[in-house]
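Sequence lines, in order, name chains E and S. Residue numbers 1 to 115, in this note's numbering, belong to the letters of the first sequence in order. Residue numbers 1 to 108, in this note's numbering, belong to the letters of the second sequence in order.
If you're looking for bench data, these hints aren't it; they were derived computationally from the structure. You may find that some hints are simply not true.
As the list claims (entries may be wrong) - Beta-carbon label-pair distances, calculated as ranges:
| id | chain 1 | residue 1 | chain 2 | residue 2 | range |
| --- | --- | --- | --- | --- | --- |
| 1 | S | 56 | E | 67 | 38 to 44 Å |
| 2 | S | 17 | E | 18 | 18 to 24 Å |
| 3 | E | 96 | S | 80 | 32 to 38 Å |
To be verified - Straight-line Cα separation of at most 20 Å, SDA-like style, residue types lysine to any residue; simulated pairs:
| id | chain 1 | residue 1 | chain 2 | residue 2 |
| --- | --- | --- | --- | --- |
| 4 | S | 45 | E | 102 |
| 5 | E | 53 | E | 12 |
| 6 | S | 45 | E | 53 |
| 7 | S | 42 | S | 81 |
Built from N, CA and C at the ideal position, the CB exists for glycine as well.
Each chain, written out:
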Amino acid sequence: DAGITQSPRHKVTETGTPVTLRCHQTENHRYMYWYRQDPGHGLRLIHYSYGVKDTDKGEVSDGYSVSRSKTEDFLLTLESATSSQTSVYFCAISRQLAGGGNEQFFGPGTRLTVL
Amino acid sequence: RKEVEQDPGPFNVPEGATVAFNCTYSNSASQSFFWYRQDCRKEPKLLMSVYSSGNEDGRFTAQLNRASQYISLLIRDSKLSDSATYLCVGLYGQNFVFGPGTRLSVLP
Chain E
1 DAGITQSPRH
11 KVTETGTPVT
21 LRCHQTENHR
31 YMYWYRQDPG
41 HGLRLIHYSY
51 GVKDTDKGEV
61 SDGYSVSRSK
71 TEDFLLTLES
81 ATSSQTSVYF
91 CAISRQLAGG
101 GNEQFFGPGT
111 RLTVL
Chain S
1 RKEVEQDPGP
11 FNVPEGATVA
21 FNCTYSNSAS
31 QSFFWYRQDC
41 RKEPKLLMSV
51 YSSGNEDGRF
61 TAQLNRASQY
71 ISLLIRDSKL
81 SDSATYLCVG
91 LYGQNFVFGP
101 GTRLSVLP
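Work the whole structure out from these sequences, hints included.
Structure representation (structure tokens):
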């Protein structure tokens, strides 16, 4: 357990509305990630952060923005939700190992439905 | 072509069987590889890291072949509780690239 929580866990919203998902970690990890998971596509990286106010785009960043004003929180915003953004969203952290290398741990996920 | 590819399955095996999953990767720059397990409607969980020398954890054995660019996972004496989707993952810098996963069903 890497102390990662996500909120909300489930959300149903309408097309065109803004949506913000929150990821919270308690272990002070530098790297945080947002993924979406869809049938047939597996996990795809949306955005990631390598520190407070430091973020970069992933494979499927269009239509999403992120912010990280504190180490423990990484927010994902859909400015104007579309039905194609219906998905399961996972937050993750990267934990550095004592012997070198990194391992990734995930939050429980947010199931988002855009009608 | 995806950077990390897996046979999607499903693999349906009887309890007690040995099952092997393979994963291929196209970018040789990856520093590390991993196997994750994902249960239905749950988050992926780290199963094991994969080392060039191969590593074993109980009934699970992982191997990395850098020359041929593939990773394998062997599960011996499979249990009903092993039923899940197994994800192959490569680490490139600080980015983790996931394969689509292989679904395993262990049948009584």
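Comparing the hints with the structure gives:
Checking the proposed 38 to 44 Å range against residue 56/S and residue 67/E shows it holds: the Cβ atoms sit about 43 Å from each other. Remark: the range hint 18 to 24 Å for residue 17/S to residue 18/E is contradicted by a beta-carbon distance near 50 Å. A beta carbon spacing of about 35 Å between residue 96/E and residue 80/S agrees with the range 32 to 38 Å that was offered as a hint. Using a Cα cut-off of 20 Å, the hinted pair residue 45/S and residue 102/E holds, with the two alpha carbons roughly 14 Å apart.
For the hint linking residue 53/E to residue 12/E, the alpha-carbon distance of about 29 Å lies beyond 20 Å, and the restraint is violated. In summary, the hint linking residue 45/S to residue 53/E is not supported, as the alpha carbons are separated by about 28 Å, beyond the 20 Å threshold. About 14 Å separates the Cα atoms of residue 42/S and residue 81/S, which keeps this hinted pair within 20 Å; it holds.
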